[in-house]
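One letter stands for each residue in the lines below.
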Amino acid sequence: MKSHPGHFFEDFTLGRIFTHATPLTLTSGDTSLYRALTGSRHALYASDPFSNFVGQGALKIDPLLAFHTVFGKTVPDISLNAVANLGYAEGKFIRPVYAGDTLRAVSEVIGHKQNSNGKTGVVYVRTTGLNQHNEIVLSYVRWVMVHKRDTASPAPETSIPELRQTVQMSPDGIFTREFSGWDEALSGSPHGYEAYAIGEKIDHVDGITVEEAEHQLATRLYQNTAKVHFDAHAQAASRFGRRLIYGGVVISIARALSFNGLANAAEILAINAGTHASPLFAGDTVYAWSEVLDKADLSESAGALRLRLTATKNRPCHDFPLRGQGGEYHPDVLLDFDYWAAIPRASA
Amino acid sequence: MKSHPGHFFEDFTLGRIFTHATPLTLTSGDTSLYRALTGSRHALYASDPFSNFVGQGALKIDPLLAFHTVFGKTVPDISLNAVANLGYAEGKFIRPVYAGDTLRAVSEVIGHKQNSNGKTGVVYVRTTGLNQHNEIVLSYVRWVMVHKRDTASPAPETSIPELRQTVQMSPDGIFTREFSGWDEALSGSPHGYEAYAIGEKIDHVDGITVEEAEHQLATRLYQNTAKVHFDAHAQAASRFGRRLIYGGVVISIARALSFNGLANAAEILAINAGTHASPLFAGDTVYAWSEVLDKADLSESAGALRLRLTATKNRPCHDFPLRGQGGEYHPDVLLDFDYWAAIPRASA
Amino acid sequence: MKSHPGHFFEDFTLGRIFTHATPLTLTSGDTSLYRALTGSRHALYASDPFSNFVGQGALKIDPLLAFHTVFGKTVPDISLNAVANLGYAEGKFIRPVYAGDTLRAVSEVIGHKQNSNGKTGVVYVRTTGLNQHNEIVLSYVRWVMVHKRDTASPAPETSIPELRQTVQMSPDGIFTREFSGWDEALSGSPHGYEAYAIGEKIDHVDGITVEEAEHQLATRLYQNTAKVHFDAHAQAASRFGRRLIYGGVVISIARALSFNGLANAAEILAINAGTHASPLFAGDTVYAWSEVLDKADLSESAGALRLRLTATKNRPCHDFPLRGQGGEYHPDVLLDFDYWAAIPRASA
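Chains as they are written, first to last, in numbering that gives the first Met the number 0: chain C, 0 to 347; chain V, 0 to 347; chain W, 0 to 347.
Hints were generated in silico from the structure; no laboratory data involved.
You may find that some hints are simply not true.
Stated by the list, open to error - Computed Cβ-Cβ distance ranges for the label pairs, DEER-style: (1) V/GLU327 x W/GLY240: 27 to 37 Å; (2) W/GLY198 x C/GLU107: 32 to 42 Å; (3) W/GLU156 x V/GLY325: 51 to 61 Å; (4) W/GLN164 x C/GLU134: 44 to 54 Å; (5) C/ILE93 x V/PRO160: 50 to 60 Å.
Values in this document were obtained by computation on a predicted structure and should not be read as measured data.
Glycine included, C-beta positions come from ideal geometry on N, C-alpha and C.
Build out the structure end to end from the sequences listed, making use of the hints.
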């Protein structure tokens, strides 16, 4: 068979390395489309003079656009037959990506566990995104539930990787940032590092309704080929009866909505955890709120906020919905996304 | 509160200046999307060799793309709580914008008048678009109806700015243009300045149906964040019961349709007046016609046409609909847009 | 009349040459949109280092994007009043197109034949796409059925051009290709020239549902102005009662789907024949399969596959649908597209 059927649970042997096709050169065209598709507004990724003036050099590609691109590369090998995308951890944005850079991806199987039903299993992979100089630009762990090829095949020995609850911020490491000349009129908010308190909750107010054409354009922009996002004919007979929207679309829209309240927390440094709590479909409206989970000093001019970004569907977030009394996610919650973002101090 | 609630009538004190967030670097990616979203076809903004050959130097960004970008910057400060966008005047395209330029916007309150209902008022602002060299690239006046924060607050003294009916064209000013080597086969029309007569009406024939995904992409491309365009959930309870399409989408589609009949009137120099006569919704089809209102000499090789561009919905324009017998707009009219465009003479 | 009514059968006199408006500079913005709209994944057109490394120099524009752009230019002159786009032949991709190149188009009438109903006729044109250096980048023949302006006008003498069944591949001509350092992990498939057998059929498995916004964006990206694609209001009274999707959208989506099975057949060299067997509408899902019709040696490192790409709607292709017993197309078949593509040998 010449067409690629994707991999099954049996294929994910511990330590196996996948070199993913196909490298992609990102350009200003991708940045424009990303903005049009998500509503992204951070000046740090939109204005070349702003990026230069605040000491960050030439305009960079939004880290989430780089993340979705690297993720998209992994789909044909990792999640073409996935039942569900279960979680993320240890996401680190290590080097900036510029227009003209080319990204490719490599993944290593770091854990697997057959489910008790004998039909599926959970696979853990660590994915590394590399640029044209073979430098690591980002890495993350995700785990997915995938079908077994043959229910009769023996279960492998269970191996679950130890994953950090949060990525460590430290003042002298790869996440150190220095900002200077930050202009709060141009950035869109007067609130810097000191203005945010641990435990503070922020309603991002606005809502974005997502259309079929929009999520399909975004998912193809990232060259993510998972069938569930594109084929209404096949999906008519599926569990949901319709096309499922790629979780990365939810992450980016929620993050763009969070501009309204977190405009200066412009740069995502790390992803601590992420869960897609429920599916999004075309016609639904995404809302979002954030909670400040932690703070970390980065330098004399910058700090990092650990933020939990919660997205909901068809439900504004003035009452900060997350979990019910039993600990289960509120049924309107789409996304629970825990990340670190750099933000200038008032002195910057 | 960290999220930005927008401003209310009381906030628009006379002379107040808003420095708007967030600067945006425009690129060829924006030009491609603008073409795909509007159907824009003028060779002057599509072909680098054409632009050079006719004496206009390197390829410029379409003035309307620059206009929508500057307008988009103003929305969080000026019109987030707007009831209606009432009109435009004194729009001037002063300097060309090139791919790679960064636009930002500043607005000054130049008038205000509380409405007799005591709940809303009309605010006049003059907005200036600046590039990365702090040069003015365009400016315009618009007036919007906005809510009062508190109906009990006292009405300010009424102040209505004197606005010119039309922008003055003159042979030795900023609107002077020289064209050479204009190729009518490549431009798409044999009709130059001399071929158009004052009072002439032109049906642009074609129609464009607008989808939700299209107007949302366009409006986000311009970083225009007005809620009415994006949130079907909130809009379900609104006056219209659905998402309203940004008026700039109508302007650009009507202008693109006008290529068929005005292909050589390629460069918008000034906006004299503009009114959004009725709302456009997804699924509606836009048609357009133009009337030549005036002509002005610019140079030995160029003139300017003053054009009234009328857009309608779900109604072809062979009978040039505009106003009823009582002077009110015909119910199918969307847009009444009065502008100057440069056009080569036959000798160019 | 200032607006352009398009041409009618009587206008297509033998030997007449049309210099089409309006030249278009293609950029990386177009490449990003083309990817987002079609799902195109070939590394040869997506990754600058890949293109360089395999000996093909800087990143090129996908030949189909160039083809649709040239085709789009011809629409106002050739097919604005077309009843149907009947076929393609002798398509040759002669020179690469790079971001920054400007394409324009010239067509010559090479045949015409009035239909027996006296109301329509078939017109044959050879279209040439040229770059900013007036070098030919591609050429093709297409024939369309167009309305007569006046059914009483006399029929011209029938003249049908002799067209080759296939474009000739030869080892020392314009289609010679040399590949080196082809990385099958990055390209997405281990199957090179030797792995494909004449007569082999490949199901491309995946399906893509097309939305109104998507095909309209694509068709405007190519500046194709045919009314049938854009105007739901007018189409409500038409033969189909709705907007018809531009055939080039089908070609590009089917070609993108064919990546899954033909990832290394990355470069289209020539179009032998093409027929749009039935119309595609928004909401339909496109599937595709390919048959290897022939093979040709190009060099020590490359060969060419002659492929028949068949697209269907709302029908997976595991049983390779094409024609019924009477030779007519299967009712689900959208496209029958016969082309040559270069593919590296295993040694490359």
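Now for the hints, and whether the structure bears them out:
no.	hint	in the structure
1	V/GLU327 x W/GLY240: 27 to 37 Å	34 Å, holds
2	W/GLY198 x C/GLU107: 32 to 42 Å	40 Å, holds
3	W/GLU156 x V/GLY325: 51 to 61 Å	60 Å, holds
4	W/GLN164 x C/GLU134: 44 to 54 Å	51 Å, holds
5	C/ILE93 x V/PRO160: 50 to 60 Å	53 Å, holds
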